[in-house]
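On the provided structure of chain D, position chain P as indicated by the hints.
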Amino acid sequence: MSRSQLLKGILDGCVLAVIEKEPVYGYILSKKLQETGLLDISEGTLYPVLLRLQKNGWIRGEMRPSDTGPSRKYYELTETGKAALDEITAEWQQISEPVNLLLKGRNSDGIRETAN
Amino acid sequence: MVSAKQLIEENNRKREELTPENEKYYGDLLIYIRLQLTLSEQQSEEVLMELLDHLLEGQKENKTAEEMFGGDPKAFADEIIRQLPKEEKRNMIPFITRIVIMLAGIQLVINGIGLPLWIHFQKPIPDFYPVTAAINFCISLLYIAFAMWYVLLSLKKTLFSGDTKRNNIIFYLKIYLGVCLFLAISILTDKFMPKIGPSFSYPWWLPLISGVLCLGIYYLWGKAAKT
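Keeping their order, the protein sequence lines are chains D and P. So the first sequence is numbered by our numbering: it starts at 1 and just counts up by one. So the second sequence is numbered by our numbering: it starts at 117 and just counts up by one.
In short, the hints are calculated from the structure, not lab data. No false leads were slipped in.
Reference excerpt, derived from the structure (chain D facing chain P, CB under 7 Å, subset only):
| id | residue |
| --- | --- |
| 1 | 27 |
| 2 | 44 |
| 3 | 51 |
Every value quoted in this text rests on a predicted model; they were computed, and no experiment measured them. Just so you know, even glycine gets a beta-carbon here, dropped at the ideal spot from N, CA and C.
Bound-form chain D, shown alone (with noise of 0.2 Å):
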C-alpha cells in the first residue's frame, strides 16, 4: 500500500466514523473532524472524499430541507459503509499498535544505545 493510499483509508475512516455517529453535512462533518484535532484535513479534501465514499455507495447523501430553511445534504452510512468501516477500523488496529511500540520506545531505546 503506497502512502497516499494509506492516507486514503485513514481519511475515509475518520469521514465514514463521524457520519456513523448522526448523520450530518458538509460543514458540521468539517467542524467535527477539526475538533478531534484533525487539522489537516481541510474543506478542500472533504468534498472530493465525500463524492468519492458515495460513489463507492458507503454513504448515502440525501438534500433535505433544514430548519432554519435551506436545504442541507446530509449523509448517512449505508449497511456497506458499516462493513467498510469495521474493516478499516480492524485494519487500523493492526497497523496502529506495531507502529506506536515502535515509535513510542524509540526515545528510551536510543538513550539507552548511547549510554552503552
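Positioned in the frame of chain D, the structure of chain P alone reads:
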C-alpha cells in the same frame, strides 16, 4: 428530494451573499463544473450547493474561499469533477433529440421564408432531394456539435485566470470566426453536394409549416419537461 432546478434557483439567491473575493472564486468553480455536460446535473448541483453553503458559513468566521478550498481552484474543481458520476444516457437522449428537432425547425423555417422570395423572382422551386438534404443536415449537426465542444473548451480556458478582459476578447473573436466558418461550410456544401436519390416537387408552404411544427414540438416538450 430537492430537484436540480430548485437547487439552481436557491444557488442564484444565495450567491449574492458572497463577498466579491469569494464570488470570483466560487463563480469560476460553478461555471467550470456546470460546463461538464456529461456529468449528472443533480449531483453537480448538489455539490455546488454544499460548497456554497460551506463558503457562507466560513465567511461568518472571516475565512476566505482560498483558505478553505486551497489556492488552486482549478485543481480542486478537477478533483470534484473526477468524483462526480456521469449523467445517465437515458437522460441525455431526450435532451439531444430536442436540440436536433429545434435545429431542423430553424433550418426549415429559414428555407420556408426564402421560398416566397424565390417565387417572387419567378424561379421554379427546386425539387426536394431527401437523401441530399439528410446528408447536408447531418454535416451541419456534426459542425454544431464540434462548435459546441470547442466553445465549451474555450470557455473553460477563460476561467481561473486574472486577465479576464483579454480572455473575453479572444473568446468572442473565436466565436465570430466559428460563425463565419459555419456559414462558409453551409454555403459550400449546399453548392457542391451532388443531388442524389429520389426527388419530388412540393408546395412552397410545406417547409414553413413543418418548421413551425418542429419548433412547436420543441417548445411544448421543453414546457412538459419542466413540470
